[in-house]
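> Below, each chain spelled out in residue letters.
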Amino acid sequence: MEEMKEPLLEIDSLCGGYKSFRLQEVAFTLNKGDFAGIIGPNGSGKSTLIKTLLGDLKRSSGTMLLEGKELSAMPVRQKAQAIAVVTQHIEDTSMSVLEYVLLGRLPYRELFQFFEKKEDVARAEKYMELTGILKYRDQPLSSLSGGERQLAAMARALTQEPKLLLLDEPTSQLDISHQVQVLDLVRELNCELGLTVLMIIHDLNLASSYCNRLLLLDGGKLHTQGAPDEVLQFSIIEEVYKTVVVTRPNPVTGRPTVFLVPRHQIEKLKKERVINE
Amino acid sequence: MKVFKLYRVGFLVLLLVFLIAASVWSLLSGDINISWKQLPYVLQHSDSMEYSVLMNLRVPRLLLAFAVGASLSLSGVILQGIYRNPLVEPFTLGISGGASLGVALIIVSGTALSLGSFLLPVAGFAGAFVTIFLVYVLGMGKSAANINRMLLTGVMISFVCSSLLMFLLSISTTEDMHNIIFWTMGSLEQPDGRLIRLMLFGSVGVFLLTHLFAHALNALRLGEDEAIHLGINVKLTIRVLFVLASLLTGLCVSIAGIIGFVGLVIPHLMRRAVGSDYRILLSASFLGGGLFLIVCDVLARTLIAPNELPVGVLTGITGGILFIILLSRKGSAWKK
Chain A
104 MEEMKEPLLE IDSLCGGYKS FRLQEVAFTL NKGDFAGIIG PNGSGKSTLI KTLLGDLKRS
164 SGTMLLEGKE LSAMPVRQKA QAIAVVTQHI EDTSMSVLEY VLLGRLPYRE LFQFFEKKED
224 VARAEKYMEL TGILKYRDQP LSSLSGGERQ LAAMARALTQ EPKLLLLDEP TSQLDISHQV
284 QVLDLVRELN CELGLTVLMI IHDLNLASSY CNRLLLLDGG KLHTQGAPDE VLQFSIIEEV
344 YKTVVVTRPN PVTGRPTVFL VPRHQIEKLK KERVINE
Chain B
776 MKVFKLYRVG FLVLLLVFLI AASVWSLLSG DINISWKQLP YVLQHSDSME YSVLMNLRVP
836 RLLLAFAVGA SLSLSGVILQ GIYRNPLVEP FTLGISGGAS LGVALIIVSG TALSLGSFLL
896 PVAGFAGAFV TIFLVYVLGM GKSAANINRM LLTGVMISFV CSSLLMFLLS ISTTEDMHNI
956 IFWTMGSLEQ PDGRLIRLML FGSVGVFLLT HLFAHALNAL RLGEDEAIHL GINVKLTIRV
1016 LFVLASLLTG LCVSIAGIIG FVGLVIPHLM RRAVGSDYRI LLSASFLGGG LFLIVCDVLA
1076 RTLIAPNELP VGVLTGITGG ILFIILLSRK GSAWKK
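Going line by line, the protein sequences match chains A and B. To convert, note that position 83 of the first sequence is 186 in the working numbering; the numbers rise steadily by one, no gaps. To convert, note that position 144 of the second sequence is 919 in the working numbering; the numbers rise steadily by one, no gaps.
It is possible that part of the hints are untrue.
Stated by the list, open to error - Subject to a maximum C-alpha distance of 25 Å in a straight line, what follows is the list of computed DSS-like cross-link-like pairs (lysine-lysine):
#1 A:Lys172 x A:Lys154
#2 A:Lys172 x A:Lys374
#3 A:Lys161 x B:Lys1010
#4 A:Lys154 x B:Lys1010
#5 A:Lys122 x B:Lys1010
#6 A:Lys238 x A:Lys220
#7 B:Lys1010 x A:Lys221
Unchecked claim - Every beta carbon over 12 Å from chain A, so not counted as near; a handful from chain B, in silico:
#8 Ile795
#9 Ser804
#10 Glu825
#11 Tyr826
#12 Leu926
#13 Val979
#14 Leu987
#15 Ile1003
#16 Ile1007
#17 Pro1081
#18 Leu1084
#19 Leu1101
It should be emphasised that the hints constitute simulated quantities derived from the structure, not laboratory data. Here a beta-carbon is modelled for each residue, glycine too, at the ideal position from N, C-alpha and C.
With the sequences and hints as input, model every part of the structure.
Right under this line is the structure:
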């Protein structure tokens, strides 16, 4: 990874968001091929950051450059060709999976083009195959399970053929097997297609296992950023989440893993910490 | 997929066939019955009474019924699309209330501006236009996004208009009152050919224009933010479609009075038949609405002949019953 550090997204002193809650001077850079996770407690500004990037919320100051071009000045259509988003919820589930995935080709449609081209369908099918939902092609979304819908949303986002894929808690409503399935897929896309991924994720251990970079937000500010073992230190986590934790390397991946400590065991932990020091 | 597409196109063809059948039925039935066999004879003899009834009364009425039904249904499907709410129909936004108030004001004040048969339509359209303007300005706010606010504004303006209308009725003479109520009930009897042509061109024009936004409407099914993320200019889409749909409704109301339920029931039925892909739904709703109003008009003319039922009454009753039957059955077209 070291040899090709070409920046894709450069965020600098970004402020903005809601009236009652604002991002404060957020600055980070995503390189091409990064798989970055945004972590932080509830209300720390994770979604606000994504929404500000997308222009759903107003930026009040700072710069957001995508390949050197200011994002907020980019026409929506051009932006949709560069950034695709997977959110947690699909509003209308009466459409068929193919219809839904084909919506991903909208940013490339010409003004008077009424029907999709054959190549659009071919692309949609390619990404449905990749995400393993091609077998549901003509079924309505409503007949799919939560995990399968997430995969369909992923296929739709891929059909946009973006440079940057934004994921808003892709695993929050899934069981562990689907969590691993979805994240494995994202990793594959990241490694094989070179897709840059920025993902909001609550689960610190999944974030640690999959991401090469973590951005830890707290109260609208970027608290710490870096590789998982730089960010997931117990002192940092305890400060931000106000919860006592222990971190140990994952026996398989070697990445830091965060363990929670119930209140009645805290005394025991404190004694151990004193002895170790 | 091929089969599915074929089925959808087939449905449109079926609608077209029914439309032609209903049109013929509408042309042949009435006080003076013209039979199938007479038709070629009547068409060749332009001096016969049947010919004049056909050309001067029934054809214009048929065209008007089609244009009004199609327009109301189209407006309904567009508004439901931009608001993503199945209960919105052209009249929910207060357009009918505004139009009625405009007409009532003119009738009560006894103003006889020299507009001839244009007087009441112009008054109705002015009333509708003011309402649309108010809903647009008060409801849109800074962003186009605030759908609930807009709906509530429409409903409130509707209430205010109907209260003012009641007030006008309470102070008007019996004759004026009769005229206002008669206008409100809706009628497809329109002697002025220019108005009929206006309605026809208006409906077809808006129908064609909305097809530029069919993809945007499809994207909006995922929600406004998602549509923006797919590169759709949501603000522009919502504003243009809102204005087109409400002007078209204003035109309908000012020419034919209040004909309710078409904009609610027909789009709902069509959604069930062809799904919610607006590329086909717009056409299906347009044709379906026209067909529905033609059939209702024939029934209104023939059920208690020689008297005539107000067509708005008939669409309200049949539409309402149809809607209840649909809702009580399993599986709504609006799955959330």
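> All the hints need checking, so say for each whether the structure fits it.
Each hint, compared with the structure:
| no. | hint | verdict |
| --- | --- | --- |
| 1 | A:Lys172 x A:Lys154 | holds (18 Å) |
| 2 | A:Lys172 x A:Lys374 | violated (54 Å) |
| 3 | A:Lys161 x B:Lys1010 | holds (15 Å) |
| 4 | A:Lys154 x B:Lys1010 | holds (17 Å) |
| 5 | A:Lys122 x B:Lys1010 | holds (22 Å) |
| 6 | A:Lys238 x A:Lys220 | holds (21 Å) |
| 7 | B:Lys1010 x A:Lys221 | violated (30 Å) |
| 8 | Ile795 | holds (25 Å) |
| 9 | Ser804 | holds (38 Å) |
| 10 | Glu825 | holds (43 Å) |
| 11 | Tyr826 | holds (42 Å) |
| 12 | Leu926 | holds (17 Å) |
| 13 | Val979 | holds (17 Å) |
| 14 | Leu987 | violated (8 Å) |
| 15 | Ile1003 | violated (6 Å) |
| 16 | Ile1007 | violated (7 Å) |
| 17 | Pro1081 | holds (47 Å) |
| 18 | Leu1084 | holds (36 Å) |
| 19 | Leu1101 | holds (15 Å) |
Comparing the model with each earlier hint shows violations of hints 2, 7, 14, 15 and 16; every other hint is respected.
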